[in-house]
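Asker: Below, each chain spelled out in residue letters.
Number of protein chains: 2
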Amino acid sequence: MKIIVDAMGGDNAPDEIIKGAMDAVSEISTEIILCGIGEEILRVFERMGHSDIPRGIEIVNASEVITMEDDPSTAIRTKKDSSMTVGLTLLRDGMGDAFVSAGSTGALLSGATLIVKRIRGIRRAALVPFLPNSGRGFYLIDCGANAECTPEYLLQFAFMGSYYAESSMGIEAPRVGLLNNGAEATKGTQLQLDAYALIDKASRDGYLNFIGNVEAKEAVMGACDVLVCDGFTGNVFLKSLEGMASLLMSELKGIYGSSLLTKLSALMIKKRIMELRARMNPDTIGGTIMLGISKPVIKAHGSSKAAAIKGAIRQAAAAVEADPAPRLQANIEHMKIDSAE
Amino acid sequence: MKIIVDAMGGDNAPDEIIKGAMDAVSEISTEIILCGIGEEILRVFERMGHSDIPRGIEIVNASEVITMEDDPSTAIRTKKDSSMTVGLTLLRDGMGDAFVSAGSTGALLSGATLIVKRIRGIRRAALVPFLPNSGRGFYLIDCGANAECTPEYLLQFAFMGSYYAESSMGIEAPRVGLLNNGAEATKGTQLQLDAYALIDKASRDGYLNFIGNVEAKEAVMGACDVLVCDGFTGNVFLKSLEGMASLLMSELKGIYGSSLLTKLSALMIKKRIMELRARMNPDTIGGTIMLGISKPVIKAHGSSKAAAIKGAIRQAAAAVEADPAPRLQANIEHMKIDSAE
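Going line by line, the protein sequences match chains B and S. For the first sequence, the residue numbers in this note's numbering are 15 to 355. For the second sequence, the residue numbers in this note's numbering are 15 to 355.
With the rest of the complex left out, here is chain B (with noise of 0.2 Å):
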C-alpha cells in the first residue's frame, strides 16, 4: 500500500509531517509518497541525520504551497504545482492509495472533488469525523463540508455513513439516526421531514437500518452509529460538545486547586476531560475521512504534530482497506430521487 502525504501542508510542515511519515513507514506496512518543495524535504532529512531518503519514501516535487490565507474554492486552481494539487493528481492517476493532508479543509474539498473526483451520482463529499460517546464512537456526517443541504444530500449521507461504519467498525447492519429535535416522525424542518421519508424509504427496501430521529443527547449517548444532519448543524453539533467540555474544563479549575489531594484528583479528571476535548475537535482528531469521493482522502488537522500525522496515515490505510466508494457505485440507484445529475 502506498499513502500520498502533503508534506507542506498544517502548522508544523513540513518538519512534523515529514517525521509523523517515517514513523508510519516503520510502524505500518506502508510505503509514503511526500509530496511538496523537495529542497526543504531534503533539508529536513538531513537535519534528521539521514544522508539519503530513507527507505519505504520517495519524493514527488511540488513548487507551490497552498496556505490559509488562499481562497479555498480557487486555491487548487491557482496553485497548479502546489503540493495539494499534486499530490490529489497523484492519488487521480493510481500512483497512491490514499492521500492525507493537514492543509485547507475547503482546498482539500474542493481539491478532492475538482481532481480525484466524487464517486458517479454522488451529490457532495462530506466531513465525516468519528466521535466518542458511551459506547464504540460513532461517524458524524456532515460536520461542515456542506451547510446547506437537500433531501437527497442527506440520503446519500446515510448510505455513505452506513457502508463506512460497517466496514471500518466491522459491525453489521450500523444503525443510522437522523439528527433531529425530537424523535418523532413529525420533527424537524421541511429538510428533516423529507430526509426521513427517504431514509426510511431506503430501511424498509432494505439497504440500511434506519433507526429515526435522534436527539443531540441521545446521539451523544450513544444511540446511533452513523449520524446524519446537514453540515450547518453538524458543525453546531460538534462545537457545541467542545464547547461544553471545554467550560467543564475552566469550571474543574475553580473546584480544584485547595489541597494536594484535590489538584492530584484534578489531573486525572483533566487529563480524561481534554482527551474526550481534543476528540470532539475536528481540528485535534487524528484524520477525518472524507467520503463521497472516488478514492480514500483523510484530513488531518492543521495543528497536527509527528504522531497526529502518522494517526492519520494509520486512518487512510484503514480507509483504502474499508473503501465504501466501490459498494456506494454498485449501489447507487437506490440513493437517487431523479435522473438528473
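Accuracy of the hints is not assured; some may be wrong.
Each pair may be met inside one copy or between any two copies, as identical chains are not told apart.
[Said to hold, decoys possible] Within a straight-line C-alpha distance of at most 35 Å, the following computed DSBU-like cross-link-like pairs (lysine-lysine) qualify: (1) Lys215 <-> Lys285; (2) Lys33 <-> Lys215; (3) Lys201 <-> Lys94; (4) Lys350 <-> Lys285; (5) Lys285 <-> Lys201; (6) Lys33 <-> Lys319; (7) Lys201 <-> Lys215; (8) Lys350 <-> Lys201; (9) Lys201 <-> Lys319; (10) Lys201 <-> Lys284; (11) Lys94 <-> Lys284; (12) Lys284 <-> Lys350; (13) Lys350 <-> Lys94; (14) Lys284 <-> Lys319; (15) Lys131 <-> Lys284; (16) Lys94 <-> Lys131; (17) Lys16 <-> Lys215; (18) Lys16 <-> Lys94.
Since the hints were derived computationally from the structure, they do not count as laboratory data.
Fit chain S to the supplied structure of chain B, relying on the hints for placement.
Answerer: Chain S in isolation, oriented as in the chain B frame:
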C-alpha cells in the same frame, strides 16, 4: 404583584406546585392565584394542615387538565376549562401580572399565542432559556418553539433577546451574536446570511449591539449575552451541551471509585457537573421565559418540585419588572422587513 400559577401542570401537580406557591408567597412579596380543580387544591391545603386558604393565595376553579397526551396545538381549544386555558385568560384580562405553568410546552406556547396574544407585529413567540457560560450567563433565543424560521423572525429574536437581557441582567447594550458555523459574515445557510444582513443593519442604525456570527463553542465560552438562532438549531445546541455533560458524568464513573480519596473528589466534581447539566436542560431550569407574548409567561420544567416552582415564580416576578413588551411595541417598526402582518 400577582402571579397566576397553573396548579395542575407538570409531573408533581398539584402538591408540589401548591407548596412552591406557598413558599413564594412567604419569601417573595407576591400574591398568587392558583388555577385548577378547586377540590383537589383544597385537599392539598388540608393535608398540609391548613383549615383555610392561606393568606396571599386565591383559587380560581378550572375543571379540566391538559396532559402530555393531549395534542399541544388543539388542547387549548378543546379543553376550554383547563387550568392552563383559564390561567392564560386571567392573565389576558389583567387579573394577574404573569403566568407560570409546568404543563405541556407546546400547549402553553399555542395557548399564550391564542389567548394572551403576541405583541402586535411580532411574528413568533420564542422560548428563551438562560444558560451558563464561563461568564455571567447568556440567553438562547429560540431554543425550540420555531423549528422553521425566516430572517425576519431572527431579527425579531435579536431585539427581543437584547431588550430582555438589558432589563433582566442589568447590562447596557448586550452583545448579540448569531449562532453560525464560522465567524466570517459569509458563513451559514441562506437563513443566516439574510438574518446577518438584517441584524447588522439594525445594529448600525443604533438599535442593537450586534457582534456578528458566533460559533457554538465561543458562545459557551462567553462570547455573547444573547445568542440568536432558529429553534431547530437552538434545540441541537442545547441538547448537545446536555449530552456532553452527561457523557462526562458517565466517564467520571469510570475514572473514580478506585479509592476513598478519589471517591470524595468524584463527589465534588460530580455535583458541579450535575449542576451545569441541569442548567443546560430546559426541562430542569427553574423557568424559561417565553418572549414575544404581550405579557410574561414562564414555562417551569415538567418535573418541577416545590423549590423549582418557587424559582419559576421568582423568575416570573422578575419578568414583570423586566417586561420588554412595551419597548418592543414602541420599536416594532425597526423589526419589520415588509408592511404585511
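Asker: Could you run down the list of hints and mark each one as holding or not?
Answerer: These are the hints, each one checked on the structure:
In the homo-oligomer, the alpha carbons of Lys215 and Lys285 never lie at most 35 Å apart, since the shortest distance is 44 Å inside one protomer and 45 Å across protomers. Taking identical chains as interchangeable, the C-alpha atoms of Lys33 and Lys215 are never at most 35 Å apart, the minima being 48 Å within one chain and 50 Å between chains. Taking the shortest Cα distances, Lys201 and Lys94 sit within 35 Å of each other only across copies (27 Å), while inside one copy they are farther apart (46 Å). In this homomeric assembly, Lys350 and Lys285 never come within 35 Å of each other (Cα to Cα): the closest approach is 45 Å inside a single copy and 50 Å across copies.
For the homomeric pair Lys285 and Lys201, the shortest alpha-carbon distance between copies (33 Å) is at most 35 Å, but the shortest distance inside one copy (38 Å) is not. Within a single copy, Lys33 and Lys319 get their C-alpha atoms as close as 8 Å, which meets the 35 Å cut-off; across copies the closest is 59 Å, which misses it. In the homo-oligomer, the alpha carbons of Lys201 and Lys215 lie at most 35 Å apart both inside one protomer (17 Å) and across protomers (33 Å), since each shortest distance falls under that limit. In this assembly of identical chains, the alpha carbons of Lys350 and Lys201 lie at most 35 Å apart whether taken from the same copy (23 Å) or from different copies (28 Å).
For the homomeric pair Lys201 and Lys319, the shortest alpha-carbon distance between copies (29 Å) is at most 35 Å, but the shortest distance inside one copy (43 Å) is not. Only between protomers do Lys201 and Lys284 lie at most 35 Å apart by alpha-carbon distance; the minimum there is 33 Å, versus 37 Å within a single protomer. When the C-alpha separation of Lys94 and Lys284 is checked against a cutoff of 35 Å, the pair qualifies neither within a copy, at 45 Å, nor between copies, at 54 Å. Taking the closest pair of Cα atoms, Lys284 and Lys350 never come within 35 Å of each other, the shortest separation being 46 Å inside a single copy and 48 Å across copies.
Proximity of Lys350 and Lys94 under a CA criterion of 35 Å is satisfied intra-copy only: 34 Å inside one chain copy versus 48 Å between copies. Taking the shortest alpha-carbon separations for Lys284 and Lys319, both the intra-copy value of 22 Å and the inter-copy value of 34 Å come in at or below 35 Å. Proximity of Lys131 and Lys284 under a CA criterion of 35 Å is satisfied in neither setting, with 42 Å inside one chain copy and 49 Å between copies. Proximity of Lys94 to Lys131 under the C-alpha cut-off of 35 Å is restricted to the intra-copy arrangement: shortest distance 16 Å within a copy versus 61 Å between copies.
Proximity of Lys16 to Lys215 under the C-alpha cut-off of 35 Å is found in neither arrangement, the shortest distances being 39 Å within a copy and 54 Å between copies. With identical chains, the CA atoms of Lys16 and Lys94 are at most 35 Å apart within one copy only, with a shortest distance of 23 Å there and 72 Å across copies.
Hint check: violations occur at hints 1, 2, 4, 11, 12, 15 and 17; the rest are consistent with the structure.
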